[in-house]
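Colleague: This is what each chain is made of:
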Amino acid sequence: MPRQLEGSRAVAEAVALCRPEVICAYPISPQTHIVENLSRLVKSGELAPCEFVNVESEFAAMSASIGASATGARAYTATASQGLLYMTEALYNASGLGLPIVMTVANRAIGAPINIWNDHSDSMSQRDSGWIQLYAETNQEALDLHIQAFRLAEELSTPVMVCMDGFILTHAVERVEMPTQEQVDAFLPPFQPRQLLDPDEPITIGAMVGPEAFMEVKYLAHAKQMQALELIPEIAADFKDAFGRDSGGLIRSYRVEDAETIVLALGSVLGTIKDTIDELREGGMKVGAVGITSFRPFPLGAVRAALGHAQRVLVLEKALAVGIGGIVSANVRMALAGIQLHGYTVIAGLGGRPITKASLHRLFTDAAADRLEPLTFLDMDWDVVNRELQRMRSSRASGPHAENILRDVGPVAAGPV
Amino acid sequence: MKAPAIRFYQTGSFAVGNRLLDPEQRSVQAGEQRTNSITCGHRACQGCGEALGARYALDAAMRATNGQMIAANATGCLEVFSTPYPESSWRIPWIHSLFANAPSVSTGIAAALRAKGREDVRVVGQGGDGGTVDIGMACLSGMFERNDDVLYICYDNEAYMNTGVQRSGSTPPAARTATTQAVGPEPGNVFGQGKSAPLIAMAHEIPYVATATVAELRDLEAKVQSAMEVHGARYLHVFVPCPLGWGSASKDTIKIARLAKESGIFPVFEARDGEVTEVSKIRRQVPVEDYLRPQTRFAHLFAPEVRTDVIARIQAGADRNIRRFGLLGSGADKEGAVLVGTCADQRTGTCAGPGQATCGLASKAEDHEAGR
Numbered sequence: 001m002p003r004q005l006e007g008s009r010a011v012a013e014a015v016a017l018c019r020p021e022v023i024c025a026y027p028i029s030p031q032t033h034i035v036e037n038l039s040r041l042v043k044s045g046e047l048a049p050c051e052f053v054n055v056e057s058e059f060a061a062m063s064a065s066i067g068a069s070a071t072g073a074r075a076y077t078a079t080a081s082q083g084l085l086y087m088t089e090a091l092y093n094a095s096g097l098g099l100p101i102v103m104t105v106a107n108r109a110i111g112a113p114i115n116i117w118n119d120h121s122d123s124m125s126q127r128d129s130g131w132i133q134l135y136a137e138t139n140q141e142a143l144d145l146h147i148q149a150f151r152l153a154e155e156l157s158t159p160v161m162v163c164m165d166g167f168i169l170t171h172a173v174e175r176v177e178m179p180t181q182e183q184v185d186a187f188l189p190p191f192q193p194r195q196l197l198d199p200d201e202p203i204t205i206g207a208m209v210g211p212e213a214f215m216e217v218k219y220l221a222h223a224k225q226m227q228a229l230e231l232i233p234e235i236a237a238d239f240k241d242a243f244g245r246d247s248g249g250l251i252r253s254y255r256v257e258d259a260e261t262i263v264l265a266l267g268s269v270l271g272t273i274k275d276t277i278d279e280l281r282e283g284g285m286k287v288g289a290v291g292i293t294s295f296r297p298f299p300l301g302a303v304r305a306a307l308g309h310a311q312r313v314l315v316l317e318k319a320l321a322v323g324i325g326g327i328v329s330a331n332v333r334m335a336l337a338g339i340q341l342h343g344y345t346v347i348a349g350l351g352g353r354p355i356t357k358a359s360l361h362r363l364f365t366d367a368a369a370d371r372l373e374p375l376t377f378l379d380m381d382w383d384v385v386n387r388e389l390q391r392m393r394s395s396r397a398s399g400p401h402a403e404n405i406l407r408d409v410g411p412v413a414a415g416p417v
Numbered sequence: 418m419k420a421p422a423i424r425f426y427q428t429g430s431f432a433v434g435n436r437l438l439d440p441e442q443r444s445v446q447a448g449e450q451r452t453n454s455i456t457c458g459h460r461a462c463q464g465c466g467e468a469l470g471a472r473y474a475l476d477a478a479m480r481a482t483n484g485q486m487i488a489a490n491a492t493g494c495l496e497v498f499s500t501p502y503p504e505s506s507w508r509i510p511w512i513h514s515l516f517a518n519a520p521s522v523s524t525g526i527a528a529a530l531r532a533k534g535r536e537d538v539r540v541v542g543q544g545g546d547g548g549t550v551d552i553g554m555a556c557l558s559g560m561f562e563r564n565d566d567v568l569y570i571c572y573d574n575e576a577y578m579n580t581g582v583q584r585s586g587s588t589p590p591a592a593r594t595a596t597t598q599a600v601g602p603e604p605g606n607v608f609g610q611g612k613s614a615p616l617i618a619m620a621h622e623i624p625y626v627a628t629a630t631v632a633e634l635r636d637l638e639a640k641v642q643s644a645m646e647v648h649g650a651r652y653l654h655v656f657v658p659c660p661l662g663w664g665s666a667s668k669d670t671i672k673i674a675r676l677a678k679e680s681g682i683f684p685v686f687e688a689r690d691g692e693v694t695e696v697s698k699i700r701r702q703v704p705v706e707d708y709l710r711p712q713t714r715f716a717h718l719f720a721p722e723v724r725t726d727v728i729a730r731i732q733a734g735a736d737r738n739i740r741r742f743g744l745l746g747s748g749a750d751k752e753g754a755v756l757v758g759t760c761a762d763q764r765t766g767t768c769a770g771p772g773q774a775t776c777g778l779a780s781k782a783e784d785h786e787a788g789r
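Order-wise, the sequence lines are chains X and Z. If you count by my numbering, then the first sequence holds residues 1 to 417, one letter each, in order. If you count by my numbering, then the second sequence holds residues 418 to 789, one letter each, in order.
These are computed hints drawn from the structure, not numbers from a lab. All values reported here derive from a predicted model rather than from experimental measurement. Among the clues, some could well be false.
Stated by the list, open to error - Restraint ranges, calculated between C-beta atoms of paired labels, are given here:
| hint | chain 1 | residue 1 | chain 2 | residue 2 | range |
| --- | --- | --- | --- | --- | --- |
| 1 | Z | 456 | X | 215 | 26 to 32 Å |
| 2 | X | 113 | Z | 598 | 37 to 43 Å |
| 3 | Z | 562 | X | 305 | 50 to 56 Å |
| 4 | Z | 463 | X | 27 | 45 to 51 Å |
Using N, Cα and C, we set each Cβ at its ideal position, and we do this for glycine too.
Just chain X, with the same shape it has in the complex (with noise of 0.2 Å):
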């Protein structure tokens, strides 16, 4: 039966019914909900057997995830934006030691300036940390990659990210079918490790490694995603047949059959990108779009069997690659290698500014006419940078950027967002 709720205690009681053993939390906005739904279901004693540990950092959250991975437990946690910059060092270390820790992540900006709101600047910069990254389009894809996504861990003995967009997705009461635990179960077996640190059989995890082994090591990571470009496929399909629901697999593709101009986006923002195509079609423009689920492994073949045809490709990114723009177009880029289109980059929503159906509207509008930039802006507000930028050539000591632009914008209610 569906149920009216929060994004975050949907992936809360989704996760709990993924039967985790080991549950580390430390707050953070907007992940909080989720680690307070679940110590809420340890306490009650409805999830259980499981220990909730309140830890005093993300990277110690991270850490006793390692040892409770590698000891057999069934390892779970929640981050957002700085949180998974603070445990980047222990992700690394859980991927490079394989261990199928399962995290989601709420995306929120990264700072400076302190934000709290969403883009997706957080998991893009551990887009290489041997991590699968799974990124949710709304909240019932949300709690069903996460069911998804222990399995897909624990099949390859890898970790796996599962990224939502925060408020967008964590905060937002929305309609949601809630598996039961018989359903769960059935699809998702007990936690068998592929290593396991138990005193009747000692070995070593975690030794150092020589140059003579260290490439071999560091390729498994690799080998094992592109398994994963496999086996995600399949536990979708999987998970169709036993809850009757599509989601998750690589990418998703929306009316791009004949679409001369090809959109791809990864999570919340395709709703507004689909809604704004629908519009666009009916006036006649041949639009599409193209939904990327599975960022890591990135899934070139399927990516350029989806954009291969059209004229040209928009990718609208919710990050920013300091010094050279986009960080999925490069990816998409790779995949469409020999392939002449036109190729835009869109950065937009950074650090929570809306992506309105109006914008949308006149950048696709523009990119079907090929008017835009290569590296396009979205809404930013030229006059504000370039004001900023004139002081900074009148004087050495301009002060701080930040506080110069918020007195020039003003008070947030005092014009419009």
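Dock chain Z against the given chain X, drawing on the hints supplied.
Modeller: Relative to the frame of chain X, chain Z by itself:
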């Protein structure tokens, strides 16, 4: 559990003297059942205090847990010298993750064991002073305050030895390291810095905190045993001289550890729930100069001129320890001590006399005479 009050006078290691004891009084290392948790063939330097301390501590922990133990290790000398694969020296389930996170990894292991109903399996976390008192302090403090069921052992050699002897928060004043060099008007590490991890641990009011040195290995074993008899967060801080970093002779590791205790430089005590409950008294006090002289990290205090001012400040620090922990006074020597003969090597006719490698207090000729 308290170490039996057995006083050996003949050696530095105590292990040799086991043959003079009844079997039940012998150390874990003397038993055929010892696990060799860290077995031979590792790549520690000659005279490494950490390798010695880890061997005794872990084998004692294995005995205390009936072999049901998992260890987590911080990055550092102990991890590096024990694991260049496929030459792992560990005969226990052992994991190394990162430099700063051994306490948290231990927390995770303990949580997993609890979730699985395997609380019979115990967890030991371990690291050097850098991994413990500096970069690992946040994780350690978190593990303490949650009272996670982990014994964490810090092998304190007072600097970052694995990276080439740089100063840590455990480096003593005036000591020369690669980042506190013996140059300028105040050579070596500055005064008024550094921290006591055992006192920080006690401030968490965890059930058990103890210090030990590799000069008193039976005491170390007994403290590991005591630590394993309770649950919750426990902390053991072991003083482990480093011949490489300290510029001391490999043969003097135990002697220097003993001098640290006998001078008051390193107080040896036990604390429960935040209160000091046992103190190892100084048996015969020595001036800190005796401790400093054999270490080239303090050579600048003795040449080209003797820095009596600096030595006096170090002495004042030791005196403060002596007052603070009550390290002087009726030593346990007299109370129920089993005095074990004279120098064992004298008995067997192999004693080389004062200065001989195995003599802990070999600089004092009278220690070679009948047990005092």
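Colleague: Next step is simple, just say for each hint if it's right about the structure.
Modeller: Hint by hint, here is what the structure shows:
Taking 26 to 32 Å as the suggested C-beta distance range, the pair residue 456 (chain Z) and residue 215 (chain X) conforms, at roughly 29 Å. Evaluation of the 37 to 43 Å hint for residue 113 (chain X) and residue 598 (chain Z) yields a pass: the beta carbon distance comes to about 40 Å. Separation of residue 562 (chain Z) from residue 305 (chain X) is about 54 Å and conforms to the stated range, judged on CB atoms against 50 to 56 Å. Distance hint check for residue 463 (chain Z) and residue 27 (chain X): the Cβ-Cβ separation is about 49 Å, which falls inside the suggested range of 45 to 51 Å.
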